[in-house]
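Kindly generate the complete structure, drawing on both the sequences and the hints.
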Amino acid sequence: MNAQHQPTGSAYFIDKETQAVENHTLSVLVSNEPGVLARVIGLFSGRGYNIESLTVSETEHEAHLSRITIVTRGTPHVLEQIKAQLERIVPVHRVVDLTVRAVELGADRPVERELALIKVAGSGDARVESLRLAEAFRAKVIDATVGHFIFEITGKPSKIDQFIAIMKPMGLIEVCRTGIAALNRGPQGM
Amino acid sequence: MTGKDTQNDGKMTGAEIVLRALKDNGVEHIFGYPGGAVLPIYDEIFQQDDIQHILVRHEQGAGHAAEGYARSTGKPGVMLVTSGPGATNAVTPLQDALMDSIPLVCLSGQVSTTLIGSDAFQECDTVGITRPCTKHNWLVKDVNDLAATIHEAFRIATTGRPGPVVVDIPKDVQFATGTYTPPAATQPKGNYKPKMQGDLDRIRAAVELMASARRPIIYSGGGVVNSGPEASQLLRELVELTGFPITSTLMGLGSYPASGKNWLGMLGMHGTYEANMAMHDCDVMVCIGARFDDRITGRLNAFSPNSKKIHIDIDPSSINKTVRVDVPILGDVGRVLEDMVRLWRATANKADKSHLKDWWENIARWRARNSLAYRPNDDVIMPQYAIQRLYEKTKHLDTYITTEVGQHQMWAAQFYGFEKPNRWMTSGGLGTMGYGLPAALGAQIAHPESLVIDIAGDASVQMTMQEMSAAVQYNAPIKIFILNNQYMGMVRQWQQLLHGNRLSNSYTEAMPDFVLMAQAFGAHGIRCEKPGDLDDAIQEMIDVKKPVLFDCRVANLANCFPMIPSGKAHNEMLLPDEATDEAVANAIDAKGRQLV
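Each protein sequence line maps, in turn, to chains A and B.
Residue numbering for the first sequence follows the numbering used here, starting at 25 and increasing by one per position.
Residue numbering for the second sequence follows the numbering used here, starting at 15 and increasing by one per position.
Just so you know, these hints were derived from the structure itself, not from any lab.
Heads up, some of the hints might be wrong.
Label-pair ranges, simulated between beta-carbon atoms [claimed, not checked]: (1) B:E254 to A:L61: 48 to 56 Å; (2) B:D340 to A:I75: 46 to 54 Å; (3) B:N315 to A:E84: 44 to 52 Å; (4) B:D595 to A:R71: 35 to 43 Å; (5) B:A316 to A:R162: 55 to 63 Å; (6) A:L61 to B:N315: 36 to 44 Å; (7) B:F135 to A:D167: 41 to 49 Å; (8) A:L141 to B:D340: 49 to 57 Å; (9) B:N205 to A:S147: 54 to 62 Å; (10) B:R359 to A:L61: 46 to 54 Å; (11) B:D340 to A:K164: 52 to 60 Å; (12) A:L61 to B:A360: 48 to 56 Å; (13) A:G72 to B:D340: 38 to 46 Å; (14) B:N205 to A:G70: 19 to 27 Å.
As the structure is a computational prediction, the values presented were derived from the model and not from experiment.
Even glycine gets a Cβ: it sits at the ideal position worked out from N, Cα and C.
Have a look at this one:
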């Protein structure tokens, strides 16, 4: 979402960062109170961090807790700083870098899923082909007229990317994606 | 307000709750400015005597006064402003307090809850605007949450890494009736729990590293002052025990006395040669409550290249932010120093400091370079000389010093010796011109019998000059010692360094007559133009029991040295005797030009 640029922190980073840039998924447990999302995303924009994907919803109603899942990009040094800065926000309870944690647990990545709604309009062969491809991707038809379909698809972001790319020539009209929801494998919580 | 609560089963109006909560949090003074959305609170202020309200002339003044109050006492400063412009005027001091970690509680009025979002008169999104410039903020929509929120605000402002907070209170909540809960009966909400005690294994590792050092240095900062007077005491003890040299950031001056034998002076962009060279060449650096700010480190990849670094800080995000450290210790400076001193006593070879002999000889050579030297002048007052005389005339008194921002600030840091913490108040992180005068007012309100001096520049002081009127109103005899060179001196210095001596808008052509201005305010004005008259004029300033504007006419074109030019390392300082016009013009290369 934010334009990608060199990590900030100080005007005195004259030298280019030598560490490689990585994509990490952070799970942020916050009090469900007004403004908490603004605090989190304000931190990202204010300090020049990137947000690739963001999802948020209340997850524990009794305890008034919401979980924000953020996919961000940066060098390991910047990712460490993002975590520390998030932890400074008063209503933030816990921050777990799921990507780091996954490696510690012996996995490659956390389990990451996304849902997308995809509207395709067309007739004739393209229409038939889009339906056939949707079946192959296990996408469901949730709305249709003689002129269009809305498909619902769930899966890894890469799968959704691929499905959208394939739908383009079939008469893709618009796409809505939820952003990534993620958990780590195994019996333990975050 | 007293008595009403017992009659009404602890029920009070929101405005009463505000006053009661302030009192229960130990507040004696608040700085503020009334307006439509805070009138119910002002009405309560009128009807009580426990808390004194200091009426400023601009909300920015209220904020800086509260900061000066906080920094000179160690207690939180409190400001009260109205909605809309009152709140937006508070933004500068809030950000100032955030960057310098000052406990500041700002209560703001807001339009009634029913009007929020309707673009009502004097409405602004206060919590939205102040979100990035506070440690935390709240909009209180229910009068029954008001007391708990204010208590929580004080707790968050004063604990952990201190900082500013805002409690935004809509007018209908101030009128509504609700239940008051005292601080003791209020459950802390959420998960906020700063880590105070340092990890003992880390501290042990630090002590071992320090014991093995041959070229050690202690670099302390504002965190030591914030941690309380005991932390400064422990720092002094640690320096005494280890025999290490010590330098400090601008924010930390006074934690270790300037007269102490291990003192190297301030470090950083305008720090001493010996402090910066020792930082560059050291083998073990002990950073205590400082944050490796860009004014301190200079060029990062050349910052102290061969040292192992120990960093004590209460804020996890300060650790490894810009400089990688070897032994990070998360915790309150005072608590960690306590453990460190104890462990040093128990384990280290305490008596033998002979292995530091070579290091101290090196330092003596750097010191002999006399990096703060300037050319004295019999006809014109040199700004450095003015500070030196001010120091000589006031050092035996109970003195608090504030400053504005610019050359005068750096000269004050270089030439005024601070012996105790909480005596030096300056805007370090944000660099707010106009900070010093209202901060002096705040410090004077907290210490009515003390001598409070704002070492000012002619440009900065005009930014918040209106608060002289508040000082006169409250008989706060603050002394505004203006080093008047008719320039924004530091701006000009950078134009000379970076922009071919093209002095764009840094000269003040229509300087007000500060003596007449003082008279207009009902204060006392002094002008001094000759070095020979300076001592008597300073004495007059001290003796007058009134606010004073002291117009000290100094050499117009003096510049502030030594200096680490932008993009340079600690060992590439520009020293005063080498700072020819040509050296100044070529000091910063193309890469350094883009830096601030």
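Hints, one by one, checked against the model:
1. B:E254 to A:L61: 48 to 56 Å: holds (51 Å)
2. B:D340 to A:I75: 46 to 54 Å: Hint violated: Cβ distance 32 Å, outside 46 to 54 Å.
3. B:N315 to A:E84: 44 to 52 Å: holds (45 Å)
4. B:D595 to A:R71: 35 to 43 Å: holds (40 Å)
5. B:A316 to A:R162: 55 to 63 Å: holds (57 Å)
6. A:L61 to B:N315: 36 to 44 Å: Holds - the Cβ-Cβ distance for A:L61 and B:N315, about 37 Å, lies within 36 to 44 Å.
7. B:F135 to A:D167: 41 to 49 Å: The hinted range 41 to 49 Å holds for B:F135 and A:D167, with Cβ atoms some 47 Å apart.
8. A:L141 to B:D340: 49 to 57 Å: At roughly 51 Å between Cβ atoms, B:D340 and A:L141 fall inside 49 to 57 Å, so the hint holds.
9. B:N205 to A:S147: 54 to 62 Å: holds (56 Å)
10. B:R359 to A:L61: 46 to 54 Å: Between B:R359 and A:L61, where Cβ atoms are some 50 Å apart, the hint holds.
11. B:D340 to A:K164: 52 to 60 Å: holds (56 Å)
12. A:L61 to B:A360: 48 to 56 Å: Given range 48 to 56 Å: holds, Cβ gap about 49 Å.
13. A:G72 to B:D340: 38 to 46 Å: violated (27 Å)
14. B:N205 to A:G70: 19 to 27 Å: Given about 22 Å between the Cβ atoms, the range holds.
The structure shown violates the earlier hints numbered 2 and 13.
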